[in-house]
Amino acid sequence: MTLYFLIKYLHVLGAIVILGTGTGIAFFMLAAHRTHDAAFIARTAATVVIADMIFTLSAVLLQPVSGGLLMMLSATSLTERWLLVSLALYALAGVFWVPVIFMQMEMRDLAQAAADKGLPLPPRYDALFRRWFLFGIPGFGSVMIILWLMMAKPF
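Numbering of the sequence shown is given in my numbering, commencing with residue 243 and proceeding in unit increments.
Quick caveat, the hints were computed from the structure, so don't treat them as lab data.
A portion of the hints provided could be inaccurate.
[Unchecked claim] Quick list of the computed label-pair ranges, beta carbon to beta carbon:
(1) Phe-269 / Gly-360: 43 to 49 angstroms
(2) Ala-333 / Pro-364: 32 to 38 angstroms
(3) Ala-394 / Gly-262: 19 to 25 angstroms
(4) Gly-262 / Val-340: 17 to 23 angstroms
(5) Leu-312 / Met-386: 18 to 24 angstroms
(6) Thr-244 / Gly-266: 29 to 35 angstroms
(7) Ala-281 / Pro-396: 46 to 52 angstroms
Think of the CB as a built atom: it goes at the ideal place given N, C-alpha and C, for glycine as much as any other residue.
Could you put the whole structure together from the sequences, leaning on the hints where they help?
Quick look at the structure:
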């Protein structure tokens, strides 16, 4: 096993973790939201926040490190268009992912407060959920396109 292969493996593994965690989080948050059960939503959102911090954040930090090492080991130029587009999309994904973390934390807190008081979810929760859902489209879509660009290197 070469150093290049090992780093490439870690890079691909990071992409899998980002996509897998993102898909899982979206599924569980949507499923919890559909119940309108504040206590269930609070527990689910609490787990989602932890999963995002452990898995997504570590993979997000690993990607540029492993990608930079792959560039150095393969003599890939930073001027290659597929790479520039990938980096721009990575930044775009980050612009949408970072606020989502804070939305998840606020949705968790709002759901927990509603559950503690035996009240329905407040309108702020629904507004946050809609925004959270909409932010996921360009955030997750960017990552999907990046994966294709890494594999195809079309230009």
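Hints versus structure:
{"no.": "1", "hint": "Phe-269 / Gly-360: 43 to 49 angstroms", "in the structure": "28 angstroms, violated"}
{"no.": "2", "hint": "Ala-333 / Pro-364: 32 to 38 angstroms", "in the structure": "33 angstroms, holds"}
{"no.": "3", "hint": "Ala-394 / Gly-262: 19 to 25 angstroms", "in the structure": "21 angstroms, holds"}
{"no.": "4", "hint": "Gly-262 / Val-340: 17 to 23 angstroms", "in the structure": "19 angstroms, holds"}
{"no.": "5", "hint": "Leu-312 / Met-386: 18 to 24 angstroms", "in the structure": "20 angstroms, holds"}
{"no.": "6", "hint": "Thr-244 / Gly-266: 29 to 35 angstroms", "in the structure": "32 angstroms, holds"}
{"no.": "7", "hint": "Ala-281 / Pro-396: 46 to 52 angstroms", "in the structure": "48 angstroms, holds"}
The structure is inconsistent with hint 1 alone, although it conforms to all the rest.
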